[in-house]
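Chains as they are written, first to last, in my numbering: chain A, 3 to 365; chain B, 3 to 365; chain C, 3 to 365; chain D, 3 to 365.
Just so you know, the hints here were simulated from the structure itself, not pulled from any lab data.
Check each hint, because a few of them may be wrong.
One side only, chain A facing chain B, incomplete, derived with CB under 8 Å [said to hold, decoys possible]: (1) H132; (2) P136; (3) F299.
DSS-like cross-link-like pairs, simulated, lysine-lysine; straight-line CA separation at most 30 Å [to be verified]: (4) C:K4 - C:K133; (5) D:K232 - A:K86; (6) A:K232 - D:K86; (7) C:K232 - C:K245; (8) C:K6 - C:K86; (9) C:K245 - B:K232; (10) C:K232 - B:K86; (11) B:K6 - B:K133.
Derived Cβ-Cβ restraints for the label pairs, each shown as a range [stated by the list, open to error]: (12) C:G122 - D:T330: 48 to 54 Å; (13) A:R229 - D:A109: 27 to 33 Å; (14) B:G360 - D:R64: 48 to 54 Å; (15) A:R229 - D:G92: 52 to 58 Å; (16) A:R229 - B:P213: 55 to 61 Å; (17) B:F83 - D:R64: 31 to 37 Å; (18) C:S228 - B:Q327: 57 to 63 Å; (19) D:L110 - B:A52: 48 to 54 Å; (20) D:A52 - B:G36: 30 to 36 Å; (21) C:D347 - D:T94: 16 to 22 Å; (22) C:C224 - D:R317: 32 to 38 Å.
Given the structure is predicted, the values throughout are model-derived calculations rather than measurements.
The C-beta atom is built at its ideal place from N, Cα and C for all residues, glycine as well.
Protein chains: 4
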Amino acid sequence: MKPKRIGITTGGGDAPGLNAVIRAVVKTAAIDYGAEVIGIEDGFDGLLRAGGVHTLTPGDVRGILPRGGTILGTASRGNPFARKVVQPDGATRVVDMSDEVLAAIVALNLDALIVIGGDGTLRIALELKHKGCPVVGVPKTIDNDVGGTEVTFGFDTALNTATEAIDKLHTTAESHHRAMVVELMGRDAGFLALHAGVAGGADVILIPELPFLFESVCRKVCERASRGSKFSILAVAEGAHPKGEDPIYSIAGDEVRVARLGGIGTLVGRIIGERCQTETRVTVLGHVQRGGGPTPFDRWLATRYGAAAVRLAMRGGFGRMVALQYSTITDIPLEEALAVPKRVDLSSDGMLTARGLGICFGD
Amino acid sequence: MKPKRIGITTGGGDAPGLNAVIRAVVKTAAIDYGAEVIGIEDGFDGLLRAGGVHTLTPGDVRGILPRGGTILGTASRGNPFARKVVQPDGATRVVDMSDEVLAAIVALNLDALIVIGGDGTLRIALELKHKGCPVVGVPKTIDNDVGGTEVTFGFDTALNTATEAIDKLHTTAESHHRAMVVELMGRDAGFLALHAGVAGGADVILIPELPFLFESVCRKVCERASRGSKFSILAVAEGAHPKGEDPIYSIAGDEVRVARLGGIGTLVGRIIGERCQTETRVTVLGHVQRGGGPTPFDRWLATRYGAAAVRLAMRGGFGRMVALQYSTITDIPLEEALAVPKRVDLSSDGMLTARGLGICFGD
Amino acid sequence: MKPKRIGITTGGGDAPGLNAVIRAVVKTAAIDYGAEVIGIEDGFDGLLRAGGVHTLTPGDVRGILPRGGTILGTASRGNPFARKVVQPDGATRVVDMSDEVLAAIVALNLDALIVIGGDGTLRIALELKHKGCPVVGVPKTIDNDVGGTEVTFGFDTALNTATEAIDKLHTTAESHHRAMVVELMGRDAGFLALHAGVAGGADVILIPELPFLFESVCRKVCERASRGSKFSILAVAEGAHPKGEDPIYSIAGDEVRVARLGGIGTLVGRIIGERCQTETRVTVLGHVQRGGGPTPFDRWLATRYGAAAVRLAMRGGFGRMVALQYSTITDIPLEEALAVPKRVDLSSDGMLTARGLGICFGD
Amino acid sequence: MKPKRIGITTGGGDAPGLNAVIRAVVKTAAIDYGAEVIGIEDGFDGLLRAGGVHTLTPGDVRGILPRGGTILGTASRGNPFARKVVQPDGATRVVDMSDEVLAAIVALNLDALIVIGGDGTLRIALELKHKGCPVVGVPKTIDNDVGGTEVTFGFDTALNTATEAIDKLHTTAESHHRAMVVELMGRDAGFLALHAGVAGGADVILIPELPFLFESVCRKVCERASRGSKFSILAVAEGAHPKGEDPIYSIAGDEVRVARLGGIGTLVGRIIGERCQTETRVTVLGHVQRGGGPTPFDRWLATRYGAAAVRLAMRGGFGRMVALQYSTITDIPLEEALAVPKRVDLSSDGMLTARGLGICFGD
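I would like the entire structure built from these sequences, with the hints used as guidance.
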């Protein structure tokens, strides 16, 4: 029997396109299948408190397609299997609340639960599936690090924001003869720094997948200066790191570690500045990369994901995730998506292209 | 033996990303292979006149990555197999100049010729191949209508421009209670109208692949009004057309045909306005859709195409075209790319999604 | 005594920044003065129907600052002094409903009425003032044609949209060797075409204040071609017109008038194309120029206008309009604002600059 | 006698619109007056080295109108009255090279010298004037801190970049329940933080003109949380500072000063995070704010400034600066412009508006 009541929730970090998925789910369920959609607020937290769920009609999702954020809110640390609960005595204890979550789902009469999230949230969804919950997953990550799908929504929007910043640094770097460092998102995967770096014409790209040597980076910057190039642009993923342990760097007489300086971007800026005798400026884009309305690419993709998730639920494809393969939406087992985290393939045509253009990766 | 001198030319309509391809070709050839690149101006025309070719060094392509247009110029009607030549008496005659083109390529000592173009230009490239020219193709089309590749550069930029226009019409339509028609590019393929229509939340999408009935379109607009929606947005591909022959329409007492009114968008606007008794406004975006700097998506893709084209030439893969399949750059025979023109697949998940959202296609 | 209940309404054509004014009025009234704000829908129409007014709290205006359109809706033809009323027999009669409007204002206990609108709406506000209504005006026009104020919100946003379109045409015109015509808003005032034309580097600018000769325009386009320039950009205000009466033009054997072709832009395109033997493309931006979120300039200005309107009402400055003079918000009598419609000053430094750059105005 | 050869140079920090001024100067001089323009590279440095000057023709400035940066380069520390010169022994000495600069100007036969710059550069221009050089000034500052002119180019573009960043933080802050700090440019003047803060709907704005108390800032953030607002946005000018001396702050057991943490934004973020028990994220926009193509507002203004500077030179108005007053370009003595640095007027309608909306300035 086809689901009549579908729950939907968004978990983990924010990503442009979440609202587009929600809208597509609500409209497709209502218009195409006559089913009702129940929105659950703040990840799974909405199931554990009064007033945390409410019906979503097509009218409720009107106008949200081009908007960033999520009308449902998210809870970045809302794992119901390991939930931090404040005790009467003020201490915090970690409690397994998954049974309460399942009970709430049953009480709400949900025939299906669409979970939109990244690696962490989808892993929770899979565990709920093992406990009997009819989940369907939708991948979400601005880092592009979910496996089994070529790309997911949010990444293209973040790429636009990051590349636009590099473009702007370009014009001012040219006039000023400076080295410009921009720190981009990407704790474990360097897709954003790689794509934005190539699209923005960066000279150096540092990604988590390739630990770097300061020596190589500085050599590149100095070489450019000696060949008459007046500036250098360095795109640095927040998760990029020097080869070996985090050593102590001596900067202007002070001894510092990366953590102390507020990020790898700042460290790279200071060391380049000192060793290459060049004025250096650092931009830390931060959460600006998670914000803004989704690009048309992300809206188109997010809308297709949302509609496909409803169709998947209608077919009873629980424990599976919608995915993009060969430009078409398909679906795969959650286990498959979570088996291997996606990282930049160092032998991909993109990396080959970047190296062929003379971009330095510091390795 | 690997090519030492590579020619490059851009043909057909303009598309954002052409300069990114040119830059990648020049830099990859020079840095990775020590080869020289010769730029040919205005399609194949540059080979038929003095001063129409010149060496391109990495310095010559500095700064062109984010720029729209092509530094080489294009010639939309520059088929050397059927070239219009003005005779001494002022008359125009169609002449086969392909031998002259081949002779010029030989005289320039080109070991490879990279041809960036759409359907028409790639067909010429294939004919040149049959005559012995070592061509490598790079697909280019803002309509996304080249076969054998999932997508090509230019389309994403055009999609951004088109969707932004729909977004803007949305805000003003809401305030004004109007029907807004926007005519988009797409003479034979409706990808741009479909993607932009879905991404922009259009209510009606008309594409060349699906001849429409005015009756259905008007019914949709009227229904929305009667259900309390204060406005309707219609995304119309320039190649969309009513079912059957182009009939004569009676508008405000005048008898008109599509052609006379300056396009299908204007006709749709007038007929909706009259039959639905609603104020209607028409936007004709025109060549704005071909312009502007490429999006990061298009720059990343165009750069990879350019680099891959050089690698393909170095492998001696003449008569082939670089293509995107499964998120990876590969290459296919030009014949395969040209075998079947790409059109919107009416049973694709995108179409299914659009219909499930309640979008009207007028069929 | 200071007003305790303030009505607010938006009339006439849509302009980006209306929501920013509404938000500033509501927040300033509530936070700074403890006053209540009553939103009136669809111009003055909301006062003439049940359910057309409702209280606006700071919570109601949350998030609307960056949004285009107006949450109150507008009624472009909602003059209460001459309202079209459909009779029982189906015929339409024009009726003076101003007494009903005034009665509604009294019934609502409004101590002040903030009217946001252009020339037409502000004229109605003045008439209401003459009948005793405590109105305060806020100028609104994307054409920049309201007198007494240096500029008003909406214009900068429209200027951005128009200039961006010209920028995009530039890149594609360069590659294609074409004449590109873009028709911009401006029925009576040419500010938008003038500013966007100069900002976008247009070669020809046609504005309502300066009737043009086709001969001059064609001469400019031909001259450019003969001097080696490969393209021309023409920015044409929708209200631009040839000198003398609207003649009949012969195009490709057909006889046409401006009106028949759907606008002056299309006519200019066809005539240039025929007389200069050049490929010509026409873009009609239309209502895209009224849409989109306001620029930061417009948000800053609109917010200051809204706050100043509340302060003006608190001082009892009825019958006056807030205005920008010398970078500061001040206020002037509505009569003064409406005395002389604002037009492009043909001897201003802006016009002098444009002519000095060699831009052709067709005169 | 009217100048026949005009020098032009750009000094100090980069600002979007510099190229638009250069283009307007070159085109106006050539087309309107038949005069020649000589471009001087890197501030006054171009006059002190071989190959540092070259003729600029209209062809040389083609296409630079929409581009950021300056084709002439700048030298932020290029004061010819106090120039750092490296001695043969490697030591640096400060030397007065102004006579050499004047001699170069005479040798080049320049009848006028257009100097585009901020406070510092214009002060040098004034000193050169005192030594007999026929200078004309054009104000340039993205901080809007040059006196005598209502606004100058570059500011509007920086405002767009800053506001767009705040907009993006808004969407993600809403979903995540966080405090978001964005550090903006403005060492001495807070215009950018004030305008962007109001335009972006910030809750706290910290500017150099108003030293702040951490207590007030934290109270505002906590109050918002306690009233149910899920997030706070703080716009902080880089020159904002706590009342009193730079104290030592204890953060997570460490003792730090502002300078050590890499900026006031980071400090504000850490202290808010600790004292308000809220997750906090910091964005440091940095030189992104100086980059990018100029907005249409800035292009229109910069073009008018450039054309007006040529007209001023033609009238022999040396020692004066073009300025915008009452929406019109005029000119004032350089002394007047430099008399009092422009700062945010704490009793302006803008400040009044911001306070009336409930924005906290930490004072």
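Results for each hint:
1. Interface hint at H132 (chain A): violated, since its Cβ lies 28 Å from the closest Cβ of chain B, which is beyond the 8 Å cut-off.
2. For P136 (chain A), the shortest C-beta to C-beta distance to chain B is roughly 20 Å, which exceeds 8 Å, and the interface hint is violated.
3. Taken as an interface hint, F299 (chain A) checks out: its beta carbon lies about 6 Å from the nearest beta carbon of chain B, inside 8 Å.
4. Between the alpha carbons of K4 (chain C) and K133 (chain C) the distance comes to roughly 21 Å, so the proposed pair stays at or under 30 Å and holds.
5. Under the criterion of a C-alpha separation no larger than 30 Å, the hint pairing K232 (chain D) with K86 (chain A) is consistent with the structure, at around 20 Å.
6. Annotation: proposed proximity of K232 (chain A) to K86 (chain D) holds, straight-line Cα distance about 20 Å (limit 30 Å).
7. Distance hint between K232 (chain C) and K245 (chain C) is fulfilled; the C-alpha atoms sit about 28 Å from each other, no more than 30 Å.
8. A C-alpha spacing of about 33 Å is found between K6 (chain C) and K86 (chain C), which places the hinted pair above 30 Å, so the restraint is violated.
9. Proximity of K245 (chain C) to K232 (chain B) is assessed by CA-CA distance (about 40 Å); at most 30 Å being required, the pair is judged violated.
10. The hinted pair formed by K232 (chain C) and K86 (chain B) meets the criterion: a straight-line CA distance of about 20 Å does not exceed 30 Å.
11. In summary, the hint linking K6 (chain B) to K133 (chain B) is supported, as the alpha carbons are separated by about 21 Å, within the 30 Å threshold.
12. G122 (chain C) and T330 (chain D) have their C-beta atoms about 28 Å apart, which leaves the hinted 48 to 54 Å range violated.
13. Take R229 (chain A) and A109 (chain D): their Cβ atoms lie about 32 Å apart, and the range 27 to 33 Å holds.
14. For the pair G360 (chain B) and R64 (chain D), the supplied restraint of 48 to 54 Å holds, since their beta-carbon distance comes to about 49 Å.
15. Hint check: R229 (chain A) to G92 (chain D), Cβ distance near 24 Å, so the stated range 52 to 58 Å is violated.
16. R229 (chain A) and P213 (chain B) have their C-beta atoms about 59 Å apart, which keeps the hinted 55 to 61 Å range intact.
17. Distance hint for F83 (chain B) and R64 (chain D): a CB-CB separation of about 35 Å, consistent with the stated range 31 to 37 Å.
18. Range check, S228 (chain C) to Q327 (chain B): about 48 Å between beta-carbon atoms, so the 57 to 63 Å window is missed.
19. The hint said 48 to 54 Å for the Cβ distance between L110 (chain D) and A52 (chain B), and at roughly 38 Å that hint is violated.
20. Between A52 (chain D) and G36 (chain B), the C-beta spacing of about 33 Å keeps the proposed range 30 to 36 Å intact.
21. D347 (chain C) and T94 (chain D) have their C-beta atoms about 54 Å apart, which leaves the hinted 16 to 22 Å range violated.
22. Separation of C224 (chain C) from R317 (chain D) is about 35 Å and conforms to the stated range, judged on CB atoms against 32 to 38 Å.
Checked against the numbered hints above, the structure violates hints 1, 2, 8, 9, 12, 15, 18, 19 and 21; every other hint is satisfied.
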